[in-house]
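Sequences listed follow chains A and B, in order. Going by the working numbering, the first residue of the first sequence is number 283, and it counts up by one from there. Going by the working numbering, the first residue of the second sequence is number 510, and it counts up by one from there.
You may find that some hints are simply not true.
Taking lysine to aspartate or glutamate pairs in the EDC-like style, the calculated list, with each CA pair at most 20 Å apart, reads [stated by the list, open to error]:
{"#": "1", "chain 1": "A", "residue 1": "K502", "chain 2": "B", "residue 2": "E609"}
{"#": "2", "chain 1": "B", "residue 1": "K597", "chain 2": "B", "residue 2": "E609"}
{"#": "3", "chain 1": "A", "residue 1": "K439", "chain 2": "B", "residue 2": "E609"}
Which bits of chain B does chain A cover? Going by a derived footprint, with three or more residues having C-beta under 8 Å, they are [claimed, not checked]:
{"#": "4", "region": "760-773"}
{"#": "5", "region": "802-814"}
{"#": "6", "region": "834-847"}
{"#": "7", "region": "912-921"}
No lab work stands behind these hints: they were computed from the structure. Cβ coordinates follow ideal geometry from the N, Cα and C atoms, glycine included.
Residue strings, one per chain:
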Amino acid sequence: MTDIIGKKWIFFLLSGLIIIPGIISFVLWGVRLGIDFSGGTLLEIRVQSQSTKDAISEIKKTAESQKIEIGSIQTTGNQTYLLRLKQIDRNQNKKMQDELTKTVGSVTELRFETVGPTVGKETGINAGKAVIIASLAIVVFISLAFRQIPKPYSSVKFGICAVAALIHDILVIVGLFSLFGHYFKVEIDSLFITALLTIMGFSVHDTIVVFDRIRENLSKMPGVNFSQVVNESIIQTLARSLSTSLTVLFTLFALFIFGGETIRWFIIALLIGITSGTYSSIFNAAPLLVLWEEWGKKNTNA
Amino acid sequence: MKNNRLLLWGIVILAILAAIIDLPKSFRLNFTLGPLHIDRIVYGPQIDWKIGSFEVKKDITPRYGLDLSGGTHLILEADMKDIATQDKNNAYDAAKNIIERRINLYGLTEPVIQQSKIGDSYRIIVELAGVQNINQAIDLIGKTAQLDFREEGTVSAQPMAATESALLSILSMKKTGLTGKNLQRAQVRFNPSTGKPEVGLEFDGEGAKLFERVTSKNVGKPLGIFLDDQILSYPPPIVQSTISGGLAVISGNYSTDYAKRLSIALNSGALPVPLRVLEQRNIGATLGIQSIQKSIIAGSIGLTIVAIFMVVNYGFLGLIADIALLIYSLVTYALFKLIPVTLTLAGIAGFILSIGMAVDANILIFERMKEEMRWGKDRLTALSFGFDRAFPSIRDSNVSSLITCSILYWFGTGSVRGFAITLAIGIMISLFSAITVTRTLLRFIYR
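Go ahead and model the full structure; you've got the sequences and the hints to work with.
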């Protein structure tokens, strides 16, 4: 029989290998905040001028003459450019586009989004609140749902281990997106927070299935060592956990390849998160539970 | 057994109904099958029935959020610093009503106008779908539009340059007390001799009297018409004679659209407080249409892959799960159309995601059934054991997903809310389809 609990340190190590570069990146470079959080303006335009180099230099020149600060210019398609600017209002936007028409031909505005700094800060605070409240709600929910767990095991421990697995997933995804932000200029926007909360929900979804089996087996195998019960439960639910994650990953892959441009990074976040969520439910949450129980036992015996 | 039959028929009818509701408004059916050649336009259903005096009419075209239909999302903040605390809410409501009136008069369809007070900030959220001249529309909405008439003030005796004296004379104009409050109605007209657009003003009783007094006092002198402290027609017209009918005309080099907006602003009344744009998002429509098409393709492919996977893994059981999954998709989309749920791009992604998650309950049940059969039970018993034993897991795990959905809904706006709603509805319907539909189908087959 495969011993997963016995090898738990290998799995913790693996988690560490993925999380630590992310944390280092986060400490060094933070995350790239999109305008949803930092305020500013996003302007996506299609111009007539064929040459990319000319277009970009003209855009820079025009912005400078209008005293508009450009954060970055990205090519997002054929003759299509995405400008990130410090906040401008619609009059400045119109003037800049009118000036630009003189040098790069007709300018079609595909997107214009401007967010003031107060709104941006609020969104950030709300996002933080949402993640914290979700975590607390989940601990409470699991503690309640598993309250008939036979003594001496406590359902609150189950809840906390589930949330620990959750935090693992959050660290993985935030760390990775910090790296993506640094190397690929990917930004965090409110959709990212949506992905984060969805991943939290899904990760718990997964963890509950494993814990549910542990609960059942605890009453079915009363005398057996705790870590053995957990191990057995993991193996029994392995097929199901993998299958469920696969079906979700299939649909996400379909969206990734065939879906729209604007939600691409949102889908990537979900893909990474769901994979991490499944992994953490099987290889982190349950082993953590065993670890806790064993430490507890050691202390009471000592 | 009889109950099962009934349930089965119920599900079949539900599926067919859902499929009909899901049909797009019209689509072209064009194919050749041997000798059979079909080329016609099929129309989706329209709910517009009359039974005696009882009428049911519902538009079931899908509602798209701004990111798909193109349009503008605005967050305006009212500057309340000059308003006394007890008057704040009245001013807030008045501002919202005036904005609503202006938008409707300008002819913009189906606007969304909401008040949203966050702490000390009195905000109004405006969403306009598919607007062509968005800058003009925003100008119209945000304009305070305080109209007042001013007469010549005391002019300095010192000699000055022509332009300076002109400017100074405008700045020194005195308010006459005739303001927009005395305005009965403003109308766009076309000057009979020049054909150019103008705005005709009609004063109320008191205003007409005041206007008569002002014009008689100022014959031969300029009369300035100011909007938000800015002169409307420059140079200010000279009063030709006393006007007693209470009618006046504002003319300048106006476009028809400008005259229209001016009259709308005047008719709706001045805003009690100035408004500031906190956030503005313009989305072009083309991105949206492509996104919808791509999402449909992605969804269909996703569904197919999951279906194949289920059959490969669970054989015949998998096929049954696939049928349940198809019914799930049909019913959920029909619900989106009926409620209606505003679909955003993230919302559609949420729907497709929920298709992947919908099979989860089935997988739980089937794995359980496999185990029960391994432990020696026959198919029918394994079936009921499978469902019963798996149910607590299914219930608990889906509730946790629903908890995060509700937190997402509370925290988010627009796109995020769209995702939360579609995912939540998807999860709830999937519980129904996985448990009830699959169980009924299987009971029927295992007889």
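- Coverage of the region 802-814 of chain B by chain A, judged on three or more residues with CB within 8 Å: The restraint on the region 802-814 of chain B holds, since 9 of its residues have a Cβ under 8 Å from chain A and three suffice.
- Query: Between K597(B) and E609(B), does the CA-CA distance stay at or below 20 Å?
  - Reply: holds (18 Å)
- Given as covered by chain A, does the region 834-847 of chain B meet the bar of three residues or more with CB within less than 8 Å? Contact hint for the region 834-847 of chain B vs chain A: violated, 0 residues under 8 Å.
- Task: Measure nothing beyond the straight line between the CA atoms of K439(A) and E609(B); if it is 20 Å or shorter, mark the hint as holding.
- Result: Violated, at about 54 Å.
- Query: Are three or more residues of the region 912-921 of chain B within 8 Å, CB to CB, of chain A?
  - Reply: Satisfied; 8 residues make the cut.
- Message: Please verify the coverage claim for the region 760-773 of chain B: does it have three or more residues whose C-beta sits within 8 Å of some C-beta in chain A?
- Response: Coverage by chain A is violated for the region 760-773 of chain B (0 residues, Cβ < 8 Å).
- Between K502(A) and E609(B), is the straight-line Cα distance small enough, at 20 Å or below? Violated, because 65 Å separates the two Cα atoms, which is more than 20 Å.
Checked against the numbered hints given earlier, this structure breaks hints 1, 3, 4 and 6; the rest are met.
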